Amino acid sequence: MKAAVVTFPGSNCDRDLAVAFEKAGAEVVRVWHKDSALPQGVDIVGVPGGFSFGDYLRCGAIAAQSPIAAAIQAHASRGGYVIGICNGFQVLTEMRLLPGALMRNAGLKFICKPVELVVATTESDYTAGYAKGQRISVPVAHHDGNYTVDAETLARLQGEDRVAFRYGDNPNGSMGDIAGILSENRRVLGMMPHPERVVDPAHGGADGAVLFASLVGKMALA
Amino acid sequence: MKARVTVMLKTGVLDVQGEAVRRALGTLGFEGVEAVRQGKVIELDLAATDKTAAEAEVAAMCEKLLANTVIEKYSVEIA
Numbered sequence: 001m002k003a004a005v006v007t008f009p010g011s012n013c014d015r016d017l018a019v020a021f022e023k024a025g026a027e028v029v030r031v032w033h034k035d036s037a038l039p040q041g042v043d044i045v046g047v048p049g050g051f052s053f054g055d056y057l058r059c060g061a062i063a064a065q066s067p068i069a070a071a072i073q074a075h076a077s078r079g080g081y082v083i084g085i086c087n088g089f090q091v092l093t094e095m096r097l098l099p100g101a102l103m104r105n106a107g108l109k110f111i112c113k114p115v116e117l118v119v120a121t122t123e124s125d126y127t128a129g130y131a132k133g134q135r136i137s138v139p140v141a142h143h144d145g146n147y148t149v150d151a152e153t154l155a156r157l158q159g160e161d162r163v164a165f166r167y168g169d170n171p172n173g174s175m176g177d178i179a180g181i182l183s184e185n186r187r188v189l190g191m192m193p194h195p196e197r198v199v200d201p202a203h204g205g206a207d208g209a210v211l212f213a214s215l216v217g218k219m220a221l222a
Numbered sequence: 001m002k003a004r005v006t007v008m009l010k011t012g013v014l015d016v017q018g019e020a021v022r023r024a025l026g027t028l029g030f031e032g033v034e035a036v037r038q039g040k041v042i043e044l045d046l047a048a049t050d051k052t053a054a055e056a057e058v059a060a061m062c063e064k065l066l067a068n069t070v071i072e073k074y075s076v077e078i079a
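Listed in order, the protein sequences are those of chains G and U. My numbering applies: residue 1 is where the first sequence begins, and numbers increase by one. My numbering applies: residue 1 is where the second sequence begins, and numbers increase by one.
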């Protein structure tokens, strides 16, 4: 399984994401935002956390217009997998690969702490390794994680079982306690918490490793 | 030709920053501020000379980049 990890100016979780994929057994290629194509044979694109383009204009807005974004869009429309974490989630919503937007946290503060997540669905290659309703601990580190979407789309996300993770104790005001959502074909995942920061007991937890192992395992079978 | 783009959150989208500003104004003794909405203004210098064409182009810029129409609305003034 081959994963491409994108780096924008201001990305700071790209290396951690690459390590998480590698640890799960994936081959990782690194991609620069100015690249206009993905390497041959990429199964999944990882859009990492950080502060792409300094969060100028809106978080993720400028990254969403970069040359690599067009290649990611094409990859997704072919049915390719894409995971966006934190700033990566913001980029995917700005690209309209996922619905909704991430607004300023309701409490206006940057939040950096481990939070409890509830696995809301196991019907995805990302979450199949967890049990439905399982509570896991994953860190968040964001200022703009307040997931906002119109009522109709929110009902659709819930009706189609596309909420991947919910917060146990909502830290940022997100509608429906949503921490992560899936695309219609369940192959694009966006989430604010950082599973790549908990893939080794030395990190203080390994609950995120399940996500990467599940993904790599499912793709090995495909 | 100059364009001025005003981007505001759509009606109904909770503006947590505007609300914090409203409360701070109350703390400072400014009474009767019933609501605050915070947005941004973007000024563009354009080479275009045709007003209608410039308006259309700036609207396209707003749709593609300057505003996130999921949560924001925009207005364009050309001068």
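Please keep in mind that the hints were generated in silico from the structure rather than gathered at the bench. Being a predicted model, the structure only gives us computed values, none of them experimental. Note that the Cβ used here is the ideal one computed from N, Cα and C, for glycine as well. Treat each hint with caution, since some may be false.
[Said to hold, decoys possible] No farther apart than 27 Å at their CA atoms in a straight line, the calculated lysine-lysine pairs in the BS3-like style are these:
{"hint": "1", "chain 1": "U", "residue 1": "Lys10", "chain 2": "U", "residue 2": "Lys73"}
{"hint": "2", "chain 1": "U", "residue 1": "Lys40", "chain 2": "G", "residue 2": "Lys109"}
{"hint": "3", "chain 1": "U", "residue 1": "Lys73", "chain 2": "G", "residue 2": "Lys109"}
{"hint": "4", "chain 1": "G", "residue 1": "Lys34", "chain 2": "U", "residue 2": "Lys10"}
{"hint": "5", "chain 1": "U", "residue 1": "Lys64", "chain 2": "U", "residue 2": "Lys10"}
{"hint": "6", "chain 1": "G", "residue 1": "Lys109", "chain 2": "U", "residue 2": "Lys10"}
[Said to hold, decoys possible] Listed next, the stretches of chain G that the computed footprint assigns to chain U, with coverage defined by at least 3 CB atoms under 8 Å from CB atoms of chain U:
{"hint": "7", "region": "72 to 79"}
{"hint": "8", "region": "94 to 103"}
Quick rundown of the hints versus the structure:
1. U:Lys10 with U:Lys73: Roughly 5 Å separates the two Cα atoms, so the pair holds.
2. U:Lys40 with G:Lys109: This hinted pair holds, its Cα atoms lying about 20 Å apart.
3. U:Lys73 with G:Lys109: holds (25 Å)
4. G:Lys34 with U:Lys10: Violated, at about 33 Å.
5. U:Lys64 with U:Lys10: holds (17 Å)
6. G:Lys109 with U:Lys10: It holds: about 22 Å lies between the C-alpha atoms, which stays within 27 Å.
7. 72 to 79: violated (count 0)
8. 94 to 103: holds (count 5)
Figure legend: structure checked against the earlier numbered hints; hints not met, in rising order: 4 and 7.
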